[in-house]
Amino acid sequence: MAGTGAQTVVEMLQAYGVRHVFGVPGDTSMPLYEALYHARATIQHIMARDERAAAFMADVYARLSGRPGVCEAPSGAGASYLLPGLAEANASSIPLIALTSDIPLSGEGRHVLTELDQAALFRAVTRWCAVVKRADKIPETMRKAFRMATTGRGGAVQITLPHDVLLEDVGPAAVYAEPACQAYPAYRTRPEPTAAAEAARLLLKAQRPVIVAGGGVVISRAWDELTALAELLTAPVGTSINGLGSIAATHPLSLGVVGGNGARPYANRVVAEADLVLFVGCKADSVTTNNWTLPPADGSVTVIQVDVDPAEIGNAYPTAVGLVGDARLALIDLLEALRAQAGDVLRPKRERLAEIEGMAAAWWAAQAGKMHSAAQPIKPQRVMQALRQVLPPQTVIVADAGTPTPFTAAFYPTPAGRQVIIPRALGGLGYALPGVVGAKLARPEAPVVGLMGDGSFGMSAGEMETIARLGLPVTLLQFNNGTFGWIKALQHLFYEGHYFSVDFRAETDHAAIAQGFGLRGVRVDDPAALEPVLREALRSEQATFIDVITEPEVTELPPVDKWLRAAGMEV
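So for the sequence shown, the working numbering puts the first residue at 5; every next one is plus one.
Please note that a few of the clues may not be correct.
[Stated by the list, open to error] Restraint ranges, calculated between C-beta atoms of paired labels, are given here:
id: 1; residue 1: 110; residue 2: 314; range: 24 to 32 Å
id: 2; residue 1: 543; residue 2: 117; range: 47 to 55 Å
id: 3; residue 1: 255; residue 2: 183; range: 31 to 39 Å
In short, the hints are calculated from the structure, not lab data.
Note that the Cβ used here is the ideal one computed from N, Cα and C, for glycine as well.
Whenever a hint applies, use it, and build me the whole structure from the sequences.
The structure is reproduced here in structure tokens:
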């Protein structure tokens with residue numbers, strides 16, 4: 005098939021079944037845009053207002069669709085603005101493919117406007133990156149990009165496409181896709197059988213086993229297998245924040261999130277009392293393990309680890325058994341090994357179930373006053389209660405780092421599956437507002453809700469124009485506490501209340517700003533209005549922005565272990 009380099013890029017995207025490309029136009033991208041124009045019947049280009057937002061949109065789209073997300077940007081500043089999105093996706097093992105145009109190869113080293121060493125720029129935040137210097141190399145480069153993004157521990161990849169390469173004529177080219185890499189995870193692998201057998205032996209020997217599930221379980225779509233394993237062993241399950249959805253939060257064995265951010269204190273106590281911890285698709289990072297104290301890293305607790313990346317096995321803990329492979333296949337093998345060794349011996353440990361249920365019931369009872377509080381400013385727990393009451397189970401929530409994270413993690417009953425998305429690799433603000441665009445395009449049938457603080461709003465407000473332009477009926481809910489609340493809480497707890505450069509102008513009318521962009525804008529300062537406003541937003545065919553005046557973290561501490569300890573509260 006003959007054509008230009010740009011046409012070949014688009015033909016490769018079509019071969020991989022790409023339906024959406026998120027990006028921002030620029031001078032060097034014009035050949036690519038011309039090719040996308042002629043392919044608009046099969047590929048929808050989503051123009052964002054900022055390249056960072058385009059990458060966030062593609063990230064969320066990938067998480068929810070099960071297919072690689074694709075974003076693009078022009079040379080120079082445009083390429084550099086992609087970095088936060090690629091870094092978040094790559095560290096979270098989310099397949100993201102970034103196409104960046106560049107100055108012509110003929111101008112290298114001659115100070116052409118926007119000249120930048122893109123390979124050096126992206127190397128630190130991608131799994132793989134490449135510069136295409138001949139148009140006939142585009143097909144094989146893109147095949148490798150999709151393969152690298154979707155196999156093993158997937159992640160972000162980036163391809164630099166010089167302007168003259170995009171214009172170059174291509175003779176007959178091998179334009180075809182690897183079908184397995186149109187979705188992820190591709191080419192799943194399974195662990196050694198002996199590892200599964202030994203892990204089963206240790207699990208059967210343990211008296212108080214606990215499972216800690218990470219994002220790898222959700223990426224692998226292994227929530228059914230993980231739930232079956234928990235039930236077989238009567239083992240409580242805690243998750244990382246990225247692992248939300250590994251088991252339904254309403255399951256009797258679910259502990260919710262564990263660790264330093266968003267954990268209910270009893271969940272951390274259960275992990276602390278375990279004699280064996282099984283990490284599945286979890287990097288055992290500082291937050292999930294509360295700085296490697298849950299469990300302790302001194303070898304006193306038996307640790308089994310399942311991960312697709314062999315480099316993660318034993319990285320944070322002395323590991324009795326490592327199972328290297330796809331989480332779903334590893335759990336299938338582990339279930340078979342347990343049944344082969346235990347036969348019909350395993351029975352539900354009713355006292356263990358009663359223990360977990362009792363602790364959970366006591367915690368929820370202790371929170372009831374705040375969840376139903378009529379206080380003003382509105383308590384964040386009251387906001388979460390309204391969401392619990394109003395949102396249907398299939399709702400997709402995209403929540404920002406900061407205020408929404410710990411309250412969503414602790415108070416929202418996440419169903420099994422990928423329903424709640426929070427950027428936890430880098431924890432950048434400004435993710436949720438553009439993220440709802442990718443969410444709605446990936447799951448148009450589902451209600452989509454974005455949760456953010458007013459700090460995040462200031463970083464991505466321009467994408468409300470994108471939402472309005474596309475006519476996406478999404479709901480945005482802002483925790484408006486007039487400050488960078490997370491940072492102010494740190495200053496309050498650990499820096500003697502020396503508040504510095506954290507407070508916003510209180511008179512800002514965020515709802516009016518949303519109206520200016522074409523959304524319905526509603527301000528809520530009475531908690532009694534929360535549920536009616538949310539119900540109306542879900543019924544509306546128009547995007548709605550709800551500005552909720554909430555109590556800041558300084559006076560209403562979220563469930564963050566270190567903060568609760570510093571304040572002398574029970575953990």
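Problem - Status of the given 31 to 39 Å range, CB of residue 183 versus CB of residue 255 - result: Distance hint for residue 255, residue 183 holds at roughly 35 Å.
Practice task
Go ahead and decide if the range 24 to 32 Å is satisfied by the Cβ distance of residue 110 to residue 314.
Solution key: The hinted range 24 to 32 Å is violated for residue 110 and residue 314, with Cβ atoms some 43 Å apart.
Exercise for the section: Hint says 47 to 55 Å; check whether the CB-CB distance for residue 543 and residue 117 agrees. Expected result: holds, 50 Å
In this structure, only the earlier hint numbered 1 is contradicted, and the remaining ones agree with it.
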